[in-house]
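Undergrad: Each chain, written out:
Number of protein chains: 2
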Amino acid sequence: MTIRDVAERTGYAIGTVSRALNNSPGVSEATRKYILEVVKEMGFQPNSNARQLKQRDRQGYSIIVKGTKNRLFAVIVEQMQNLLKQSNKPVSPYYVDEDADEVELALQVCHNQKPLGMLFLGGNARNFAERFAKLTCPSVLVTTRADTFGFSNLSSVSTDDVEGAERAMGHLLDAGHRQVGIIAGTDAFTPQGFSNTSYLRMNGCRNAFLRRGIPFQPEEQTVCARFSLQGGYEGASALLERLPHLTAILAMSDIMAIGALRAIHDRGLRVPDDISLIGYDGIEQAAYCIPRLTTIRQDAEQLARRSLDILLQQVEDGTIVHEIVPFQLVEGESVRSL
Amino acid sequence: MTIRDVAERTGYAIGTVSRALNNSPGVSEATRKYILEVVKEMGFQPNSNARQLKQRDRQGYSIIVKGTKNRLFAVIVEQMQNLLKQSNKPVSPYYVDEDADEVELALQVCHNQKPLGMLFLGGNARNFAERFAKLTCPSVLVTTRADTFGFSNLSSVSTDDVEGAERAMGHLLDAGHRQVGIIAGTDAFTPQGFSNTSYLRMNGCRNAFLRRGIPFQPEEQTVCARFSLQGGYEGASALLERLPHLTAILAMSDIMAIGALRAIHDRGLRVPDDISLIGYDGIEQAAYCIPRLTTIRQDAEQLARRSLDILLQQVEDGTIVHEIVPFQLVEGESVRSL
DNA sequence: CTGAAAGCGCTTACAG
DNA sequence: CTGAAAGCGCTTACAG
Numbered sequence: 056m057t058i059r060d061v062a063e064r065t066g067y068a069i070g071t072v073s074r075a076l077n078n079s080p081g082v083s084e085a086t087r088k089y090i091l092e093v094v095k096e097m098g099f100q101p102n103s104n105a106r107q108l109k110q111r112d113r114q115g116y117s118i119i120v121k122g123t124k125n126r127l128f129a130v131i132v133e134q135m136q137n138l139l140k141q142s143n144k145p146v147s148p149y150y151v152d153e154d155a156d157e158v159e160l161a162l163q164v165c166h167n168q169k170p171l172g173m174l175f176l177g178g179n180a181r182n183f184a185e186r187f188a189k190l191t192c193p194s195v196l197v198t199t200r201a202d203t204f205g206f207s208n209l210s211s212v213s214t215d216d217v218e219g220a221e222r223a224m225g226h227l228l229d230a231g232h233r234q235v236g237i238i239a240g241t242d243a244f245t246p247q248g249f250s251n252t253s254y255l256r257m258n259g260c261r262n263a264f265l266r267r268g269i270p271f272q273p274e275e276q277t278v279c280a281r282f283s284l285q286g287g288y289e290g291a292s293a294l295l296e297r298l299p300h301l302t303a304i305l306a307m308s309d310i311m312a313i314g315a316l317r318a319i320h321d322r323g324l325r326v327p328d329d330i331s332l333i334g335y336d337g338i339e340q341a342a343y344c345i346p347r348l349t350t351i352r353q354d355a356e357q358l359a360r361r362s363l364d365i366l367l368q369q370v371e372d373g374t375i376v377h378e379i380v381p382f383q384l385v386e387g388e389s390v391r392s393l
Numbered sequence: 056m057t058i059r060d061v062a063e064r065t066g067y068a069i070g071t072v073s074r075a076l077n078n079s080p081g082v083s084e085a086t087r088k089y090i091l092e093v094v095k096e097m098g099f100q101p102n103s104n105a106r107q108l109k110q111r112d113r114q115g116y117s118i119i120v121k122g123t124k125n126r127l128f129a130v131i132v133e134q135m136q137n138l139l140k141q142s143n144k145p146v147s148p149y150y151v152d153e154d155a156d157e158v159e160l161a162l163q164v165c166h167n168q169k170p171l172g173m174l175f176l177g178g179n180a181r182n183f184a185e186r187f188a189k190l191t192c193p194s195v196l197v198t199t200r201a202d203t204f205g206f207s208n209l210s211s212v213s214t215d216d217v218e219g220a221e222r223a224m225g226h227l228l229d230a231g232h233r234q235v236g237i238i239a240g241t242d243a244f245t246p247q248g249f250s251n252t253s254y255l256r257m258n259g260c261r262n263a264f265l266r267r268g269i270p271f272q273p274e275e276q277t278v279c280a281r282f283s284l285q286g287g288y289e290g291a292s293a294l295l296e297r298l299p300h301l302t303a304i305l306a307m308s309d310i311m312a313i314g315a316l317r318a319i320h321d322r323g324l325r326v327p328d329d330i331s332l333i334g335y336d337g338i339e340q341a342a343y344c345i346p347r348l349t350t351i352r353q354d355a356e357q358l359a360r361r362s363l364d365i366l367l368q369q370v371e372d373g374t375i376v377h378e379i380v381p382f383q384l385v386e387g388e389s390v391r392s393l
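As you go down the protein sequences, you meet chains A and B in turn. The working numbering puts the first residue of the first sequence at 56, with every later residue one more than the last. The working numbering puts the first residue of the second sequence at 56, with every later residue one more than the last.
Note that these hints are calculated values from the structure, not bench results. Hints should not be assumed to be uniformly reliable.
If chains are identical, the list can't say which one is meant, so a pair holds when it fits in one copy or spans any two.
What the hints assert, rightly or not - Using 30 Å as the maximum straight-line C-alpha spacing, the simulated DSS-like pairs for lysine-lysine come out as follows: (1) Lys88 / Lys140; (2) Lys95 / Lys109; (3) Lys124 / Lys169; (4) Lys189 / Lys88; (5) Lys144 / Lys95; (6) Lys95 / Lys140; (7) Lys95 / Lys189; (8) Lys140 / Lys109.
Values in this document were obtained by computation on a predicted structure and should not be read as measured data.
With these hints in hand, go ahead and build the complete structure from the sequences.
TA: Okay, here's the thing in structure tokens:
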């Protein structure tokens, strides 16, 4: 069934049907109403390929989500969809594997969907450096800073990873912990080393030590792991093995912290009695752990709202902004004062 | 940049470029190689709208996923994508809100993408009853039985929810529990009552009681809640409030069980010492809980593999199958014998 | 093996 | 307000 069938059925030309369908001007109210009725009755659905192919001015917004497992991203997507529901611009999320190339996908989406703007949830610096230049669409990178990337059509909204980690580590140090292990995150590009984000958070950890005049031996105190339950489990196991006097662990994501929780338990130790534990992100799950996880909460609602505000502005007048959204230390039950 | 630019640049006609791009027969190897080189150099990407619009024979497969939060579904999607990687048919997942109409989305996707076949991860009986008849594409409903739906182009692959729940409840009863609470799941269509799946699982619970000659009072022993952490938390709280002599809880998903775990803890009780707890699904998270969750594990790998096998067969010759995949009771640490 | 041309289902100037 | 027609960027019979 095509628009042609609707035209025949109603007796109008396909152009008129199209205009009625798209709320375009140039159709009488009566005609529009009648056509829409017939469309509904026939159950006609316009072919979106033909529509996209033709449509001159760009439509809604696209969200590129890096990794389906990331709960923080999932929540941000939800918030964005809610916020965009009012304005009736369509918004479509595209999910790309955590290890895949988000910029590559963005180029395709931009080419095919011609969105007004794109939102990236998560992004790898290397991918952006290599390919983002080809992308002409107004874009906002969310949860990762892009100010040093130097693109004129890329804003960013993020929390300050250095400060966040400094705050988390400071919380442990101020509670009297000195033997602290760190579970940092790797990604597909740095399978042995720190992901971008982890690198920044490592700097934050270092600052926390230095500013308190406490010695810090990153090589000894840190392990790298995937951002996953298993990664956290293995990371914590390795730390506990290596550092028998450990009293606290900082995991660079709540998911890793939850894995760590179990690893600690499996070695016959308890959180927080024997080992204090702090996570990062503030996902819902963290509040359901036993003990409730102390964590750095990234404000999903605000990240979503500010990203959209900035994107809409950027679409309008091209201004780019690199905004930092405040984080929050959520005190759970997983850190003990010594 | 269009295929026309590539044609000009190479000196060939656009038809030839198209054939080279699509590995169609009728291009000499040398020409194909040359064209592909130029394509790469120019960074040309074909417009998928135009391609979809034209393409006669249908392309890959589409997966309709009901709910981004469902970990079981997420794992099944991953498995399917891995399995389809070999055959180089593209496979695209489409995510629809847990409360939205998956069949509506399927109709759109079918209309626009013209997939060879569709896979539904989760599905609501009412939506299928109301609209699935319009969908002509070979389809498989995964994790929910469709044999009673009576569609000639809809197979299904699922675990036996009645038996699964009977096994779970039997496990509690055989461990000596008599005062057992049940947290059943609601959905958008039955906000007060049981979701389809929960209804079947309730029957399983009933069977477990009846076959052992133990009295069962479903109204008293059951609460309904959303399939979420919070739902589980509230459900368990309500049960503990209502039934002071409770010794065990069966939650109809692991996520709800994890919420319940915390609710039990917050009332000063312990799992499994005071309350035994059993979940459903067997998501990764269940194995990281403290205590490790006893649960009914649905075999994601086999659900994915059988669904694809059946779909491919169905695409070929139209045979539909309603297959039951075995489940497994995974014993964790959350059930205690009385 | 290659080219020229029709056409997929729409949207949108352009006339009237 | 409405219609007739061009054209979006491809694919695919049809000729050669």
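Undergrad: State for each hint whether it applies.
TA: The hints, checked one at a time:
Taking the shortest Cα distances, Lys88 and Lys140 sit within 30 Å of each other inside one copy (24 Å), while across copies they are farther apart (47 Å). For the homomeric pair Lys95 and Lys109, the shortest alpha-carbon distances inside one copy (23 Å) and between copies (26 Å) are both at most 30 Å. Both within a single protomer and between protomers do Lys124 and Lys169 lie at most 30 Å apart by alpha-carbon distance, with minima of 27 Å and 28 Å respectively. In this assembly of identical chains, Lys189 and Lys88 lie within 30 Å of each other by CA distance solely across copies; the values are 25 Å between and 43 Å within a copy.
Proximity of Lys144 and Lys95 under a CA criterion of 30 Å is satisfied intra-copy only: 21 Å inside one chain copy versus 34 Å between copies. Only within a single protomer do Lys95 and Lys140 lie at most 30 Å apart by alpha-carbon distance; the minimum there is 22 Å, versus 39 Å between protomers. When the C-alpha separation of Lys95 and Lys189 is checked against a cutoff of 30 Å, the pair qualifies only between copies, where the shortest distance is 14 Å, while the shortest distance within a copy is 41 Å. Only within a single protomer do Lys140 and Lys109 lie at most 30 Å apart by alpha-carbon distance; the minimum there is 25 Å, versus 32 Å between protomers.
Checked against the numbered hints given earlier, the structure satisfies every one of them.
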